[in-house]
Structure formats: C-alpha cells, structure tokens
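First to last, the protein sequences are chains S and V. Heads up: the first sequence is residues 1 to 334, going by the working numbering. Heads up: the second sequence is residues 1 to 334, going by the working numbering.
Calculated from the structure, these hints are not laboratory results. Don't be surprised by glycine CBs; every beta carbon is placed ideally from N, CA and C. Be aware that a few hints might be false.
No more than 27 Å apart at the CA atoms, straight line, and that leaves these computed lysine-lysine pairs for DSSO-like [what the hints assert, rightly or not]:
id, chain 1, residue 1, chain 2, residue 2
1, V, 210, S, 330
2, V, 198, V, 119
3, S, 326, V, 313
Which stretches of chain S does chain V cover? Using the computed rule of at least three CB atoms under 8 Å from a CB of chain V, they are [claimed, not checked]:
id, region
4, 100-110
5, 319-330
The residues making up each chain are set out below.
There are 2 protein chains.
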Amino acid sequence: MENKKIILTGDRPTGPLHIGHYVGSLKNRVMLQDEYNQFVMIADVQALTDNFENPEFVRANILEVMLDYLAVGIDPQKTTFFIQSMIPEIAELTIFYLNLVTVARLERNPTVKDEIRQKGMGANVTAGFLTYPVSQAADITIFKAHLVPVGQDQMPMIEQTAEIVHKFNRFYGEVLVEPKCLVPEFGGRLPGVDGKAKMSKSLGNAIYLKDSSDDVTKKIMSMYTDPGHLRVEDPGKIEGNAVFTYLDVFDANKEEVAELKAHYQRGGLGDVKLKKRLNEVLQAVLQPIRERREQFAKDPAQVLQLVQNGTQKARSVAAATMAEVKKAMKIDYF
Amino acid sequence: MENKKIILTGDRPTGPLHIGHYVGSLKNRVMLQDEYNQFVMIADVQALTDNFENPEFVRANILEVMLDYLAVGIDPQKTTFFIQSMIPEIAELTIFYLNLVTVARLERNPTVKDEIRQKGMGANVTAGFLTYPVSQAADITIFKAHLVPVGQDQMPMIEQTAEIVHKFNRFYGEVLVEPKCLVPEFGGRLPGVDGKAKMSKSLGNAIYLKDSSDDVTKKIMSMYTDPGHLRVEDPGKIEGNAVFTYLDVFDANKEEVAELKAHYQRGGLGDVKLKKRLNEVLQAVLQPIRERREQFAKDPAQVLQLVQNGTQKARSVAAATMAEVKKAMKIDYF
Chain S
1 MENKKIILTG DRPTGPLHIG HYVGSLKNRV MLQDEYNQFV MIADVQALTD NFENPEFVRA
61 NILEVMLDYL AVGIDPQKTT FFIQSMIPEI AELTIFYLNL VTVARLERNP TVKDEIRQKG
121 MGANVTAGFL TYPVSQAADI TIFKAHLVPV GQDQMPMIEQ TAEIVHKFNR FYGEVLVEPK
181 CLVPEFGGRL PGVDGKAKMS KSLGNAIYLK DSSDDVTKKI MSMYTDPGHL RVEDPGKIEG
241 NAVFTYLDVF DANKEEVAEL KAHYQRGGLG DVKLKKRLNE VLQAVLQPIR ERREQFAKDP
301 AQVLQLVQNG TQKARSVAAA TMAEVKKAMK IDYF
Chain V
1 MENKKIILTG DRPTGPLHIG HYVGSLKNRV MLQDEYNQFV MIADVQALTD NFENPEFVRA
61 NILEVMLDYL AVGIDPQKTT FFIQSMIPEI AELTIFYLNL VTVARLERNP TVKDEIRQKG
121 MGANVTAGFL TYPVSQAADI TIFKAHLVPV GQDQMPMIEQ TAEIVHKFNR FYGEVLVEPK
181 CLVPEFGGRL PGVDGKAKMS KSLGNAIYLK DSSDDVTKKI MSMYTDPGHL RVEDPGKIEG
241 NAVFTYLDVF DANKEEVAEL KAHYQRGGLG DVKLKKRLNE VLQAVLQPIR ERREQFAKDP
301 AQVLQLVQNG TQKARSVAAA TMAEVKKAMK IDYF
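Working from the sequences, and respecting the hints, build out all of it.
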C-alpha cells in the first residue's frame with residue numbers, strides 16, 4: 001500500500017449517481033483501486049457551498065452516494081472512503097492556503113467564472129464559493145495525492161492547486177506534493193436522455209444507477225434521437241443522436257454498432273429497434289449494479305460504518321500531513 | 001465561572017506590546033477578568049495573514065506577548081490564554097461561515113477597505129486578508145462571547161460577526177450568540193513619542209512594556225511637543241502635544257495636569273520640566289510591570305505551559321460549540 005501512488009477523487013453528495021458518473025468516473029475508480037492507493041471523498045462541505053440552506057439534503061445523499069460506490073464495485077478493502085467535514089485538518093489547511101492566493105487570481109479561475117455565470121450568481125457570489133478552489137487544493141494536498149482524475153472542465157482547479165503547492169513549498173520547504181491530472185479514457189460527458197449536453201437531476205434527464213429496470217426502459221424508449229427521422233424508411237442522423245452516443249459508450253460490439261449507424265443513415269432502421277438494443281445493453285450493465293445496491297441498502301448502518309472506518313483512516317493521514325505543515329510553518333509550538 | 005458572561009479579546013503576536021496596548025486594552029483586561037469569563041487569544045493565524053513569509057517572527061512573539069500579559073497582571077487563574085492555530089474548530093467554523101457572506105459584502109467592510117488602502121495592497125489582496133472578518137467571526141462565536149472589547153475602528157468587524165450570527169441562526173436554529181462591542185473607557189489611540197497618530201514598531205515611536213528604565217527616559221526626553229515652543233517663556237500649544245496627551249492618560253493628579261496646561265499655554269513652562277514629570281509618572285507605572293516581566297522571563301517553559309493549559313481548556317469549549325454547530329447543520333453523522 002505504502003509504495004502505491006495516491007489518487008484523490010470524490011463526489012458532492014447532492015443526489016444519487018447516474019450512468020454519466022458511471023462511465024465518467026466510477027468505472028475508472030474500480031480499475032484504479034488495484035494500482036493506486038485511492039481516497040474517495042464525499043464532499044459534504046463543498047456541497048454545502050451551494051446547498052447551505054438545505055443541509056438535510058446533503059446529509060441524506062451521503063448514504064445514496066455510498067450505496068452507488070459499493071454497487072459499482074469500489075471496494076472498501078482497497079479504497080478509503082471518507083466524509084470531508086469529518087477531517088478538520090482540511091479546514092485548517094484551507095485557512096493557511098487562503099494567504100497564498102489573491103482574490104484577483106480566484107476571480108480569474110475559468111472554472112469558477114463559468115460556474116458563477118451558469119448559476120447566475122452575479123453580485124451574490126459567496127466567499128465560500130469564490131474560495132472553493134482553495135478548499136479543493138487542501139482536499140488534494142492533505143492526502144499528498146499524486147493524481148486527481150478530472151474532466152477537461154476541472155483542469156484549471158488542478159493548476160490552481162499546483163500554484164499553491166509551489167508557493168507553499170517555496171516559503172516553507174518541500175512538504176507538499178504537486179498533483180497531476182488524470183484525464184480519464186472517456187473524458188467527455190454523457191448527454192441526458194433528452195439529448196441535452198448535461199445529465200442532471202434538475203433537468204430530469206438522467207438514468208440513475210438505482211433506477212428500476214422498468215424506469216430505465218421507459219427513459220430509453222423516450223430518448224432523444226433525430227427529430228427529423230419521422231418514418232422508419234427515412235435516413236437518420238447520428239450526430240447529436242443520444243441513442244448512438246450511448247451505444248458508442250456501452251455497447252461492446254463496436255462492429256455491429258458501426259453497421260447500425262450505416263443502416264440508420266441510409267434509412268430503414270427504426271428508433272424503436274435501436275432503443276430496444278440499447279435497453280438490453282444497458283440493463284446488462286445496470287442489473288448487477290442494481291442488485292448489489294439493493295443488497296447493501298438492506299443494512300444502511302453497515303454502509304455508514306464503512307465510511308466511518310475510512311474516515312478514521314483518512315483522518316490519520318491528514319493529521320500526519322498537518323503536523324508536517326505546522327512544523328514547516330514553524331507553528332508546532334508544543 | 002459558568003454564570004459569568006464571556007469576553008473574547010486578544011492580540012496578533014507581531015511584537016512586544018507597548019503602552020498604547022496597555023491603556024487601550026491590557027489594563028481593562030486586568031479589571032474585566034474578575035467580572036467576566038475572559039478568553040485571551042494569541043492570534044497567530046491572523047498574524048500570518050500578512051506575515052506568511054515570516055512565520056518565525058510570529059512564533060517568537062508568542063512568548064513576548066505572553067510575558068506582557070502576565071507582567072501587567074492578567075491572571076491565568078482567571079483568564080484563559082490560548083493560541084488560535086491550536087483550535088482547529090475555528091478553521092472549521094470559518095469554512096462554514098464563508099458560505100454565509102458574499103464577496104461584495106467583504107469588499108464593503110470599512111475596516112478591511114481602510115487596511116487594504118493603508119497597506120497599499122491593491123490587486124495583491126489575498127483571499128486570507130479579504131476573508132479575515134469571517135475568521136474573526138469564528139474566533140468570537142466559537143466561544144459564544146457576549147462581549148468583545150474593540151476600538152471604534154474595529155466596530156464594523158463586530159457588525160459583520162452579528163450578521164453572520166443572524167444568518168446562521170436563521171438557517172440552522174438558535175445556536176450562536178450575537179456579540180456586543182465593549183468600547184473601553186480610553187477608546188482612542190495613544191500617539192507615538194514622535195506625535196504621529198499610531199504607535200507602531202515600524203515607525204520606531206513606541207514605548208514598550210519591556211523597555212528598560214533608561215530607554216523609557218530617553219524616549220520621553222526626545223518626545224514631540226509643540227514645534228513652535230522654542231523658548232521657555234513662549235506660550236505653547238496643548239493640542240497635538242504628545243507629552244500632554246500622555247499626562248492626561250497616565251497622570252492621576254488631574255488638577256495639577258490642568259494647572260500645567262494653563263501655565264504652558266501662557267508661557268514660562270519648559271518642555272524638559274514637563275517631560276521629567278511624565279518620566280516619573282510613567283516609570284512608576286512601568287517599573288512593577290517590568291519587574292514582573294523579568295521574573296516570568298526567567299522561566300519561558302513555565303510561561304508556555306500556561307498558554308498550553310489555557311489552549312486545552314479553550315479547545316474543549318470550542319469543541320462543544322462545534323458539536324452543537326454540526327448538530328444544528330445536520331452534519332453530525334456518527
């Protein structure tokens with residue numbers, strides 16, 4: 001374990017996870033946990049930055065997210081699950097890092113800028129939101145993570161972390177590890193069943209890992225395809241056709257998918273036939289996940305015990321780093 | 001102890017304390033410690049916001065400040081001394097409070113605005129500096145302080161704390177106590193020996209509690225008076241005359257001081273005579289302080305033990321508040 005490189009990853013507990021999370025990160029974590037010392041953070045403090053009026057919601061979703069993790073095969077024997085708010089060292093480190101970053105730099109962070117615009121925050125941007133890249137730098141570096149799996153849109157956050165690491169190490173000595181991005185194989189985003197770019201709870205266009213078999217079928221049968229493809233005999237478009245995007249991601253038989261694409265484009269292939277194929281493929285992926293999830297859901301106390309154990313372990317790692325940090329900063333008084 | 005109201009006060013450990021601190025706050029603390037449950041914070045984390053390149057300096061001054069506290073008669077039996085960085089709950093609470101304050105509100109904080117201007121920070125304002133009122137709100141409220149002794153210039157900080165308290169209690173229930181300002185009897189600032197408004201280390205115009213008797217005499221004999229008062233027989237000015245400002249503050253015989261003022265204004269009273277009087281008065285105040293300081297300075301380990309004991313006690317109070325905070329926020333998971 002000790003010689004393995006460290007990976008930090010995680011999710012905000014703001015809802016059950018969907019198949020977009022599965023292909024974008026969860027599947028990778030199942031693979032990475034053998035090769036790396038993997039920490040998976042349930043980022044409740046980060047979730048509170050835009051859910052602070054509604055903490056019950058964050059709380060309830062910790063169990064949901066843990067069930068999804070276990071269901072896909074992230075293994076508590078190999079991976080350390082922990083809850084962010086239970087590691088006070090992260091908050092301590094964040095406070096020190098705030099001195100190493102200018103307000104102007106945070107305001108220029110592309111990810112933060114985009115989100116402020118998307119969420120229409122305007123003049124109501126909270127200090128917590130503006131400074132969340134700093135908090136994220138503390139999450140990553142308190143575990144001395146070498147690698148952080150991120151999508152393209154999150155790369156500026158890792159750059160910001162690297163800047164903080166350089167500045168800290170220059171002032172106080174080489175204590176912190178500079179993390180690198182690990183851009184996953186499937187780096188994109190799975191579109192929603194409505195064809196919209198982002199799968200999200202608020203848009204109601206996501207297929208969840210916990211969805212029943214019937215719900216999955218219903219969602220697939222109503223999926224967005226090519227709005228110009230009205231009759232079976234018409235030629236259809238592949239680009240922007242969510243059913244094909246999903247088949248590309250989930251269907252292992254790439255040759256048959258290529259044939260289906262050709263057939264669809266020249267006409268004579270109906271949406272229903274395609275959707276039935278996708279349904280079969282996706283059900284095969286989701287059924288074992290769903291079954292494991294139901295199994296774990298029978299004993300929520302045991303699931304919470306797993307994250308409690310992981311949190312204890314994560315805390316001891318964080319405390320060791322914090323002791324080094326305080327020593328380097330010369331504020332290890334007693 | 002339990003029924004006494006709680007006071008929080010403290011200093012940044014950025015140098016030994018001077019007679020401006022003495023009349024502005026230290027003297028009050030000696031009185032307040034009987035009536036109140038007094039916490040005195042050595043604000044090393046706050047000191048690091050503008051001394052982060054130089055932590056040794058902050059470290060070294062913890063002992064200096066503690067010696068000054070003990071020398072003036074702040075009593076570790078009655079007052080709880082503690083070191084800010086050793087209370088991680090303050091950092092945790094700060095992180096949650098950052099969600100309750102907008103960046104725009106912090107940028108409007110008059111104290112912060114003034115300091116940014118005075119220190120010429122411009123575009124280099126760090127996130128730590130901008131958010132220090134939030135950190136201060138956490139310092140105060142983690143101890144459920146009812147009262148915070150502050151000068152006029154610090155009142156906006158307490159207003160900001162009150163806003164955070166209201167917002168927190170509205171969202172999560174009545175957990176936090178709204179602090180009130182305790183504006184001290186001597187609310188102003190003692191000018192430097194050069195007549196400049198602020199007594200400060202960087203200006204070299206301060207009389208320190210640890211100064212030797214000779215140094216105090218030297219500083220007093222070179223004090224700023226009335227630059228137009230060239231000959232003894234000339235009339236002199238009282239306004240802006242630092243010697244009279246000091247006499248007003250330190251000389252118990254108000255009648256004689258009034259007579260001296262009248263004499264000085266009509267002419268015939270020399271600066272040297274006045275300064276000799278001030279020297280006598282100040283030496284009488286400072287001598288017992290200096291002697292006690294020398295006594296305590298013989299055993300630095302014992303002094304640090306006192307702040308270590310206090311920190312332990314403060315930590316248990318902070319931990320109890322944090323447990324309440326997490327319960328109210330519904331993030332008390334296990």
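Comparing the hints with the structure gives:
no., hint, verdict
1, V:210 / S:330, "holds, 25 Å"
2, V:198 / V:119, "holds, 14 Å"
3, S:326 / V:313, "holds, 21 Å"
4, 100-110, "holds (count 6)"
5, 319-330, "holds (count 3)"
Going down the numbered hints, you'll see the structure goes against none, and every one checks out.
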